[in-house]
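Visitor: Here is what each chain is made of, one letter per residue.
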Amino acid sequence: MNADYLSSLIAVVVLGLIAYAGVAMAGLNGFFGVFVPYLALVLFVIGFTRRVLGWAGSAVPFRIPTTCGQEKSLPWIKQAKIDNPSTKTGVVLRMFFEVLLFRSLFRNTRATLNENGRLSYKWVLWLWAFALMFHYCFLLVVLRHLRFFTEPVPGFVKMLEGVDGMLQIGLPVMRISGVLLLVAATLLLLRRILLPKVRYISRPADYFPLFLIIGIAGTGIFMRYFTKVDVVKIKELTMGLATFHPAMVQDGIGALFYSHLFLVSILLAYIPNSKLMHMGGVFLSPTRNLANNSRAVRHINPWNHPVKVHTYEEYEDDFREKMIEAGLPVEKE
Amino acid sequence: MNDKGMIIAGLIIFFTIFTFPIWYNHGAAAPPPEPELSQKAKAAKTCVEDTAYMRTEHMHLLNQWRNTAVRDGLREYTGKDGKTYEVSLSNTCLDCHSNKEQFCDRCHNYASVTPYCWDCHTYPKEKM
Numbered sequence: 001m002n003a004d005y006l007s008s009l010i011a012v013v014v015l016g017l018i019a020y021a022g023v024a025m026a027g028l029n030g031f032f033g034v035f036v037p038y039l040a041l042v043l044f045v046i047g048f049t050r051r052v053l054g055w056a057g058s059a060v061p062f063r064i065p066t067t068c069g070q071e072k073s074l075p076w077i078k079q080a081k082i083d084n085p086s087t088k089t090g091v092v093l094r095m096f097f098e099v100l101l102f103r104s105l106f107r108n109t110r111a112t113l114n115e116n117g118r119l120s121y122k123w124v125l126w127l128w129a130f131a132l133m134f135h136y137c138f139l140l141v142v143l144r145h146l147r148f149f150t151e152p153v154p155g156f157v158k159m160l161e162g163v164d165g166m167l168q169i170g171l172p173v174m175r176i177s178g179v180l181l182l183v184a185a186t187l188l189l190l191r192r193i194l195l196p197k198v199r200y201i202s203r204p205a206d207y208f209p210l211f212l213i214i215g216i217a218g219t220g221i222f223m224r225y226f227t228k229v230d231v232v233k234i235k236e237l238t239m240g241l242a243t244f245h246p247a248m249v250q251d252g253i254g255a256l257f258y259s260h261l262f263l264v265s266i267l268l269a270y271i272p273n274s275k276l277m278h279m280g281g282v283f284l285s286p287t288r289n290l291a292n293n294s295r296a297v298r299h300i301n302p303w304n305h306p307v308k309v310h311t312y313e314e315y316e317d318d319f320r321e322k323m324i325e326a327g328l329p330v331e332k333e
Numbered sequence: 001m002n003d004k005g006m007i008i009a010g011l012i013i014f015f016t017i018f019t020f021p022i023w024y025n026h027g028a029a030a031p032p033p034e035p036e037l038s039q040k041a042k043a044a045k046t047c048v049e050d051t052a053y054m055r056t057e058h059m060h061l062l063n064q065w066r067n068t069a070v071r072d073g074l075r076e077y078t079g080k081d082g083k084t085y086e087v088s089l090s091n092t093c094l095d096c097h098s099n100k101e102q103f104c105d106r107c108h109n110y111a112s113v114t115p116y117c118w119d120c121h122t123y124p125k126e127k128m
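Top to bottom, those sequences are chains A and B. When the letters of the first sequence are read in order and numbered with the working numbering, they come out as residues 1 to 333. When the letters of the second sequence are read in order and numbered with the working numbering, they come out as residues 1 to 128.
Read the hints as simulated data drawn from the structure, not as lab findings. Do not take every clue at face value.
[To be verified] To spell it out: a stretch of chain B is covered by chain A in this simulated footprint if at least three of its residues, at any positions, have a beta carbon under 8 Å from a beta carbon of chain A; those stretches are:
#	region
1	11 to 20
2	30 to 41
3	56 to 64
4	99 to 111
[Unchecked claim] For lysine-lysine, the following PhoX-like pairs were computed, each having C-alpha atoms within a straight-line distance of at most 20 Å:
#	chain 1	residue 1	chain 2	residue 2
5	B	Lys42	B	Lys83
6	B	Lys83	B	Lys45
7	B	Lys4	A	Lys88
8	A	Lys332	A	Lys322
9	A	Lys197	A	Lys122
10	A	Lys228	B	Lys42
[As the list claims (entries may be wrong)] A short list of chain B residues far from chain A (calculated; beta carbon distances all over 10 Å):
#	residue
11	Lys4
12	Ile7
13	Lys45
14	Thr46
15	Glu49
16	Gly73
17	Leu74
18	Glu76
19	Asp81
20	Asn91
21	Thr92
22	Leu94
23	Cys96
24	Trp118
25	Cys120
26	His121
Glycine included, every Cβ here is placed at the ideal spot set by N, Cα and C.
Next comes chain B alone, as it looks inside the complex (with noise of 0.2 Å):
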């Protein structure tokens, strides 16, 4: 038996799907995305939590207020530093995120999150 050509026709083929990373994107990485804040938001200098916070937990946080609003029909949030919000993903949130495209889509799109908000909510006319 000799299946040399046939193995090492194997183990090309194996590579090449192995790294499909490397020659899907042509050696060359997309910058990382930059949210971009609306004026209102830089006027507010701080969301409902300190940044690092609501950059690693805001889906967290998001679906605790679903629950909380929706289910138990409390409607306010304490934040750490002692201030009270209205639970409001239409109200609270996209009262400063207004920019849906510059803001949220940015990162998810990035690291390819579809978030199913807007299977119940419809989002503001984009404004800056």
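Extracted from the complex, chain A is given alone in its bound form (with noise of 0.2 Å):
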């Protein structure tokens, strides 16, 4: 047990009870329905576009790109142009295979000492799989929701429906996204948890978001499949926040969306303020955005003083004569 991973565990449960109570015994649907959604979608707006716009006044004066292969040398030596790009062209293919495939997961190593006691390094694949199975189901699951944010519900949403439900297991038929989205989930919790040296950088910060995003995920599922909840209602309420019209549903829908809808607004808010930002973020590492050009180019610090020098020519100019009667050598006569 680990007081790290305890505490945020113990902190989405009860926000999720915090939810469920005051929905089913206290009646404060409007508070959970309509206004704490709309709270969270404000925090998150303004702290999104502080924190970006606060990265882009950050000072990047020179080029600090990581350089993960050759750079560009002489003619005959070949250059890893994606892993260290010395063109916009090569900048860009870079950061569309970290953005989309997440590229620096993927050489991902682990040090362990072998046998004989020597260090090896291993190449080890298993975050970068978690990582992409977690991010795609978790943009899937985000897209099929637009089914309750939308009327008629665009073609791409019943689209993606259609393939995510592909294997008809059930009634309602399973999406295969939201049950991926909880396995990847946990997979990347059971790492932080299970590895001895994850477990020992991981801090509730880390833990905190995946017990969330599985407590989302956990009551979105237990909605669907188990303990089922009016849809139609629910989409008159979401509709109504989307149009800024919202509609006051009293009763029939079950408590535990509240407890979902609850989870998902804490979510939205937390992310500003939290690692979650990297979702922003990632486009603005300058270790990743950036040319490796310094020995092509000439990059000048922008904020350097302008320094008043004094050189020798006008230093001889001063004191020419004086320099001339004490016998010292002049450059000009």
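Assemble the dimeric complex from its two separately framed chains, guided by the hints.
Guide: Written out as structure tokens, the structure is:
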């Protein structure tokens, strides 16, 4: 047992219970169904903008890309054009692979001592695989939720639903992405809890978002397949939210839905204040989005103070006669 | 490096995509659907189970019916009130709910649900 993940787990459970009890016992439907989601949205938009503008204002005077391959050198030496880009095209390709395929996680290695006591590094792909699975399933789940926020539901959402439910297991049909999201988040959590080296560097800020997402996926799956909720009434509420005509649906929606919505609201408000800001930060990492052309182009620090210099020529002009008198050599007679 | 223009452009693109539901609906929520009961369904007053149960669990029940009828050959269902019904989509469900467009489709379209009942079954001609 570890206080770091236990406290995060308890926090998520308590948050879920607060919303559940608030609706089931105190009847705070309007608070948890309308006020909290809007508050979360405002906090998300303001917080996200502030974080990104803060980064935009930060100084990046020099090129600091991480060089993961041979840099551009003499013509017969082969350059790693994506891992050590020297042009804008190279940078765009590098960012493309980083953002969409998590190329830097693909290079993950694990250091171990082998039987002879020698340090060895092993190429380990688990983190990359779980991360890909997690992020793309989450994306699919979010896109599928557009069915609650649009009327008529756009064709691409229906297409995604069709592909996602193609196994036709049970009714309502099982959505593959939802189940895989829960599996992937659990695997990422187990990675942090079970691997001693990863556990050593894991803090509540790492566990909390994982438990939160597990909680969101869990309540969602529970609502869809086990304790059913009235989907039409939920859409009435969510459509009201999306169109700024909040509809007060007083009853008929299970309290579990409000737990789900509350955890999503917490997640939304939490994003700008946490490591989850990597969704914006990945585009702005100077170690990834700069071309390594320091040897080809001179980068001058833009805020260098203009230094007043007094050259030797000027010095000689000032003191020429005295220097000649003293017998010192001068350049100009 | 001064990429402020590009960063702000990126931020605007992100928020444009993020607010898709807000501008897609033009700020007006379509009214929630009201499934219409056929005369026969109105007269029957109650379905095989009570309305609240049917509203949220009908798909689950239909799935059970499909399994018991097609796989186990059991064609009898006893509701919570003790009445017995024939397990059949065409003969029992659609006997009352003969108006697919006004009954099934309204909520299904609203919630973007595409049931695969009609992959095998044909639905009766619309009549009210």
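Visitor: Decide, hint by hint, whether the structure agrees.
Guide: Hint check results:
no.: 1; hint: 11 to 20; result: holds (count 4)
no.: 2; hint: 30 to 41; result: holds (count 3)
no.: 3; hint: 56 to 64; result: holds (count 6)
no.: 4; hint: 99 to 111; result: holds (count 4)
no.: 5; hint: B/Lys42 <-> B/Lys83; result: holds (18 Å)
no.: 6; hint: B/Lys83 <-> B/Lys45; result: holds (14 Å)
no.: 7; hint: B/Lys4 <-> A/Lys88; result: holds (17 Å)
no.: 8; hint: A/Lys332 <-> A/Lys322; result: holds (13 Å)
no.: 9; hint: A/Lys197 <-> A/Lys122; result: holds (15 Å)
no.: 10; hint: A/Lys228 <-> B/Lys42; result: violated (25 Å)
no.: 11; hint: Lys4; result: violated (5 Å)
no.: 12; hint: Ile7; result: violated (4 Å)
no.: 13; hint: Lys45; result: holds (20 Å)
no.: 14; hint: Thr46; result: holds (18 Å)
no.: 15; hint: Glu49; result: holds (13 Å)
no.: 16; hint: Gly73; result: holds (20 Å)
no.: 17; hint: Leu74; result: holds (18 Å)
no.: 18; hint: Glu76; result: holds (21 Å)
no.: 19; hint: Asp81; result: holds (20 Å)
no.: 20; hint: Asn91; result: holds (20 Å)
no.: 21; hint: Thr92; result: holds (17 Å)
no.: 22; hint: Leu94; result: holds (17 Å)
no.: 23; hint: Cys96; result: holds (20 Å)
no.: 24; hint: Trp118; result: holds (14 Å)
no.: 25; hint: Cys120; result: holds (12 Å)
no.: 26; hint: His121; result: holds (14 Å)
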